[in-house]
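Here the working numbering is used: the first residue of the sequence shown is 1, the next is one more, and so on.
Just so you know, not all the hints are guaranteed correct.
DMTMM-like mimics (lysine to aspartate or glutamate), calculated; alpha carbons at most 20 angstroms apart, straight line [to be verified]:
no. : residue 1 : residue 2
1   : Lys30     : Glu213
2   : Lys30     : Asp206
3   : Lys188    : Asp19
4   : Lys188    : Asp222
Hints in this document: simulated from the structure, not taken from any laboratory.
Just so we're clear, the structure is a prediction, and the values are computed from it rather than from any experiment.
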Amino acid sequence: MGGASLASVTFSIVARSDDGRTHGVAVASKFLAVGAVVPAAEAEVGALATQAYANLAYRPQGLALLRTGVAAADVVAGLVAADPGRAQRQVGVVGAAGDGATFTGAGCHDWAGGASGPGWAAQGNILAGPQVIDAMRDAWLASASLQPANAAGGQAFAARLVDALRAGDRAGGDRRGRQSAALLVVAKGGGYGGGSDVLIDLRVDDHPDPVAELARLLDIHDLLFGRSDPADLLDLDGALAAEVAALLAAGGFPDCGDGLDAALASWAGVENLEERLVPGRIDPVVLAHLRAQH
1 MGGASLASVT FSIVARSDDG RTHGVAVASK FLAVGAVVPA AEAEVGALAT QAYANLAYRP
61 QGLALLRTGV AAADVVAGLV AADPGRAQRQ VGVVGAAGDG ATFTGAGCHD WAGGASGPGW
121 AAQGNILAGP QVIDAMRDAW LASASLQPAN AAGGQAFAAR LVDALRAGDR AGGDRRGRQS
181 AALLVVAKGG GYGGGSDVLI DLRVDDHPDP VAELARLLDI HDLLFGRSDP ADLLDLDGAL
241 AAEVAALLAA GGFPDCGDGL DAALASWAGV ENLEERLVPG RIDPVVLAHL RAQH
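Please model the complete structure; the sequences and the hints are all you need to start from.
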């Protein structure tokens with residue numbers, strides 16, 4: 001199996017949500033467009049990161065093994081056993097259940113290593129030291145209680161991944177520099193309009209501070225495509241309906257007889273907020289954005 005040169009400093013975390021339905025990878029590297037090389041994930045199957053002298057064949061092969069129910073540790077063992085270049089490989093894998101697994105070949109550039117636990121694995125090479133992995137692990141575990149069990153869970157899971165990546169970055173992960181970062185999160189039907197399983201696919205291909213930029217992009221993604229807790233949605237009636245109608249009219253989207261929902265949908269389509277619409281109700285994030293405009 002062949003490999004692509006990805007010997008620059010790279011660190012990543014692969015993980016799944018507590019309910020096992022969402023999987024993702026966050027990665028940063030001194031390498032152009034790391035998101036095109038390292039991460040792979042399949043909804044309700046698993047996720048993996050291939051790095052160091054990355055073997056891109058690990059991605060389809062690893063997912064194929066996970067799809068058949070092979071445990072993460074056995075997936076890692078199978079991938080590296082069949083690879084004559086294993087000494088220079090690094091890979092992290094998490095499946096639909098059980099512990100994550102990570103492997104660092106003896107030929108990876110120092111400092112290189114990883115750690116894993118239930119539903120997660122973190123790994124990196126050419127790092128400032130083991131504290132980078134420790135920081136990612138600690139950030140991931142500390143945020144577990146913050147993940148909501150509701151419609152906002154996917155966004156919260158993504159934020160946990162980026163927070164762990166940022167913790168590694170702050171711990172000195174960029175020993176030889178920074179260049180790119182990426183975030184891939186999958187969940188069944190979680191994509192735009194429910195038409196795919198790719199909940200989030202964000203890439204910072206070339207930037208002086210890619211992890212911070214990735215966090216900024218995730219905030220924008222949350223604004224446009226996130227889901228608020230249904231309990232927080234507001235009924236679109238009475239004084240609130242009148243206020244929303246007035247704000248929409250002021251912005252050039254009056255109710256022309258089709259109803260307030262239709263006027264709101266017209267405005268939201270222009271603002272790219274259509275994924276946050278709920279008939280007869282309004283998301284507080286949408287309301288705040290509408291008020292801020294007018």
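Any hints this thing doesn't respect? Which numbers, in order? Hints that this structure does not satisfy do not exist here, as all of them hold.
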